[in-house]
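S.K.: Each chain is listed here by its residues.
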Amino acid sequence: MSYYRGVCNFCGTGCGHLLQVEEGRVRGVYPLPGHPLSQGRLCVRGWHIHELLQTEERITSAFIRENGQLRQVSLNEALDFVAKKLQRLSGEEIAFLASPRASNEDNYLFGKFARAVMKSNNLSLASDAGQEESARVLLEGCGWPAATGSLSRLKQADFILVAGGDLTKQNPIVASEIHRARRAGAFVATISPRKTQMARLSRLHLRPAPGSMSLVVEALARIIYEQKKYNLEYLTERTENHQAYLSHLESLNLEEILALTGVALEALTELAGKLSAAKLAYVFYPTGVQSLDRRTMAALFNLMLMTGKLGQGEGGIIPVTGISNLLGSYDMGLSPTFLPGYLEASDENNCRKLETLWETKISRTPGRSVSASLAENKSLRALMVVDHDEEIIRQVNRIKELELVVYFGAYQNAFARLANVIIPRPSYAEADGTYTNFERRVQLNRQKVKPLAEVQPLWKILSSLARALGHDWQYESAEQVMAEISRVVPQYAALTYEKLESSLGLKWPVDEIHPEGTDYLLPEQKKAKFRFVLEEKTLSQPTIIREPEADFPFKLTVGRSNYFWHQNSVMKRTFIPKREYNALLLLYPKGFVEISAEDASRLKLREKQPVRVISPSAEITLAARISPDVLPGQLYIPYFVEEMIPEFLLRQVAELEKSEEYFLPVRLEKVG
Amino acid sequence: MYWLEQSQVEILMNKLAESYELFGPRRDEVSGEVIFDRLGNPRQLDLSAPIPYNPPKYILFPHYEEILKYRYDRKTKKVALERINHLKPKALVGLRACDLNGLMCLDRFFLGQEFVDEVYLEHRKKLFLISNTCVRPFPQCFCVCTDSGPAAREGFDLDLTRVGERYLVEVGSKKGQKMVEELGLKEAGAEAAGLKKKVVDESVSSFDALALENKAWISRATNRLTTGFIKPEVWEYIGQQCFECGACSFVCPTCSCFNVEDVNRLDGTTDRVRTWDSCSFEGYTKMAGDHNPRKPVEDRRNKRFFCKLSYSQSKKYLRPGCVGCGRCARVCPGDIGLPNVVTYIRREITGE
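From first to last, the protein sequence lines stand for chains A and B.
Numbering of the first sequence is given in the working numbering, commencing with residue 1 and proceeding in unit increments.
Numbering of the second sequence is given in the working numbering, commencing with residue 1001 and proceeding in unit increments.
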């Protein structure tokens, strides 16, 4: 019985923890005091990760499906089988679904296997929800794809804006930091249609109508523009295209925006005043589990740039990733369009550079995401999947048609039912690996428990497969993979296991100029000027708002509750978080729709009364839950009953789950 | 009392290691923080380290523990029970007074009522306990407000108090006496009690200057909580800041709530598992038929502080349920550790 230092593997906060290990099993968990971000705190999920790590519902050996039945085989037999199948496939015929929870080392080699061995660019993550858009907006605006600021001085902040989601549920320890900053005197404002706990902990809560958050942010900029509370000299000197942006603000009609968003001018003016007066300002928005749309992210970036809050120190824009290694997965280039290190795959120079480093050819055929491949690519014959959750449900029928589905996983999973070959993976406590949290902090998590003999780390399995396919992959440890990552990914150039071992994580870029990492976006790092992120759409009047149609007067949004987190495939293997989730499920076995007391009384609906929710294309019957958290005219469905997805949300879900900027027009009818 | 020289600490540890697994405060080499952990090497023991981040509770009442194993035979419809008994004797060295008091609260919950918890008893009776007087308080401490420190009064086998470069050893049990004799410690003579009192008095009087993180007006809060004269708005304000993580219960040296689950193992047996639980969770108080007497979060928070500080609960523990270690304040993602809640109650009383 001893405690060993590690990194929590649930959300993108990357809290430090201590795992208590006894006789080769993880028996308990405790927060790691002194961790630079979490400082000895964990959330309800983190406090129960040992329950997940002890589950018996593991995949412990390899299987091959024959005549519909899974046959247990040795790892070598499974790998031989897969290698023979792969030999006959071209890059266009295969797609790769990666996991945002896998380590950088596993993910890097998974991407390299797709591109260098199989010559395929059909490579993506399962859950993205805004992370790629966020990286693109930030790259375009400041050449830096992730958090521009640092939480190291959050408690000294005088202004914090939280846009969308509910950080108290998605990344509780980040929300806790914001709460502490508020207790220390920061002005905290939340913009979200729903009254979330984050909103309750804020000084000001703006509740725009669903679909109008970007307009609220632009209205803030417009007010600051009108009051001339921006520094034209700074904009001229530091930005490329401020004139286009200012003339866009000039063209906005504030009154119209106020009417569309339903937000009061006084509240906006107060918020604009606080922002322009702030010396140290932060903007937070979530990515990964739920996020904003590109337009709102761009509006937030532009607002911070216009008020001079970027590149000025620790403050800045902080996208908060909802899954443990979501940021690292993009760093490793798990996207059809980004090569490792955020290099554009469409740029010939980048491809040549990678070919030199990898000493092999890569394909120039533009890749597709896995969901796009499944939907559009008729020649697709095979799929390789790492630790996937159950949201692939949308494309079950297409997956069933494929000749080869290889599933690499640690836990038994619905996806395994679709697989021809199953290959076991270690849990994150059973292998060495690094994980990159939303702060850009790369943290080393050491193996604490030995896996079973037939369970090997993904980097090792991929190396065997690559060798079987004629590539000389000779990695002997995760550390050796990191050594290669540091040569390929510029942000990781000076990272070594040795450095990570003696620290509690280093924030990238870790390179020659910043050998111990970089706390925040430095002006000298950014030689070129900043750019306002403008699009054709942004320059004209708003178009995103759809007026409620007469037949469908309610705006329905979907979200995720505390314990139903990430499709629940992880939570349901714990005791306490599962029980807490079941508490809600038992009360509302078929799910519920939240409605305001005003609308409920108008429609004569009682608590728990069944009600039909009807959209232009589908309908579902749910229990009504009268809630003070939604405004009249709005409805909210927490996304926790799996059946709701195919039954009702199927056609809309891809957009709805990405961003709370999307809503579905619906009407309600009483049942019976 | 006896004298233990600095150089004899290692001899004591080696002697203990012959019969016990060693536990004590050690420093994490990278973060520098103090954890109460198994000591692979007796030299890891750091008796001058600040109060560890975790209480020793997990050693007697583990986070996750199989308390019973059974196999159900479907054919004969019989259940074969198997008692799990693999516990090793353990020595807990360098316990702070607050944590020793916490352990005694656990004793009263698990052993001092109508039913004796046999699993806990197994752990408990195999312990050797050595407490360590806090010769100066740490920033988070308020044990002087909860009558649980800075020195232990009872419950130890041996108690150490650092005086200059050596330790005064007080014996609290026959086991302790035997150990002292086996080690051949030098008797401290008549002035020992006065020396110890001087050290403890100095420590108590330095709380004002050194223990700055938390102040807790426990007696008035106990009065208010017992009589129920706390406005609902205060509880709502507290409830709003609750992230429902359960950390306050998990880090509390006296919190004893648990959950029981049956886990089917691949070999056909079933383990009955006991895990930590917390009254801050909604599912904790939920009953059959959807009824939940403490559904809103503020009602659940209210319950916890009632449990820690009300007079009726304190009667069960023979002391307040709070031992003044300040851990709940450090792990709370909100700002509602017990000392802060006492502050909110005080503000309501004084109208500050």
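Careful: at least some of the hints might be erroneous.
Stated by the list, open to error - Below, in silico cross-link-like pairs of lysine-lysine (DSSO-like), each with a Cα-Cα straight-line distance of 27 Å or less: (1) A/K578 x B/K1126; (2) A/K195 x A/K450; (3) A/K195 x B/K1069; (4) B/K1295 x A/K578; (5) B/K1303 x A/K195; (6) B/K1015 x B/K1069; (7) B/K1286 x A/K590; (8) B/K1075 x A/K604; (9) B/K1286 x A/K572; (10) B/K1286 x A/K578; (11) B/K1088 x A/K450; (12) B/K1286 x A/K195; (13) A/K572 x B/K1069; (14) A/K450 x B/K1286; (15) B/K1295 x A/K590.
Claimed, not checked - Just the calculated beta-carbon pair ranges, DEER-fashion: (16) A/S152 x B/L1212: 46 to 54 Å; (17) B/V1263 x A/E401: 35 to 43 Å; (18) B/T1226 x A/R606: 35 to 43 Å; (19) B/T1226 x A/K499: 36 to 44 Å; (20) B/N1014 x A/S152: 40 to 48 Å; (21) A/K590 x B/E1082: 51 to 59 Å; (22) A/E484 x B/D1107: 51 to 59 Å; (23) B/V1263 x A/D347: 48 to 56 Å; (24) B/V1263 x A/A453: 52 to 60 Å; (25) A/G143 x B/G1289: 58 to 66 Å.
Since the hints were made in silico from the structure, they are not lab data.
Only a predicted model underlies this, so the values are computations on that prediction, with no experimental measurement involved.
Virtual Cβ for every residue (Gly too), placed ideally from N, Cα, C.
S.K.: Could you tell me which of the hints above the structure violates, numbers in ascending order?
M.R.: Numbers 1, 2, 3, 6, 8, 14, 16, 19, 21, 24 - these are the hints that the structure violates, sorted from lowest upward.
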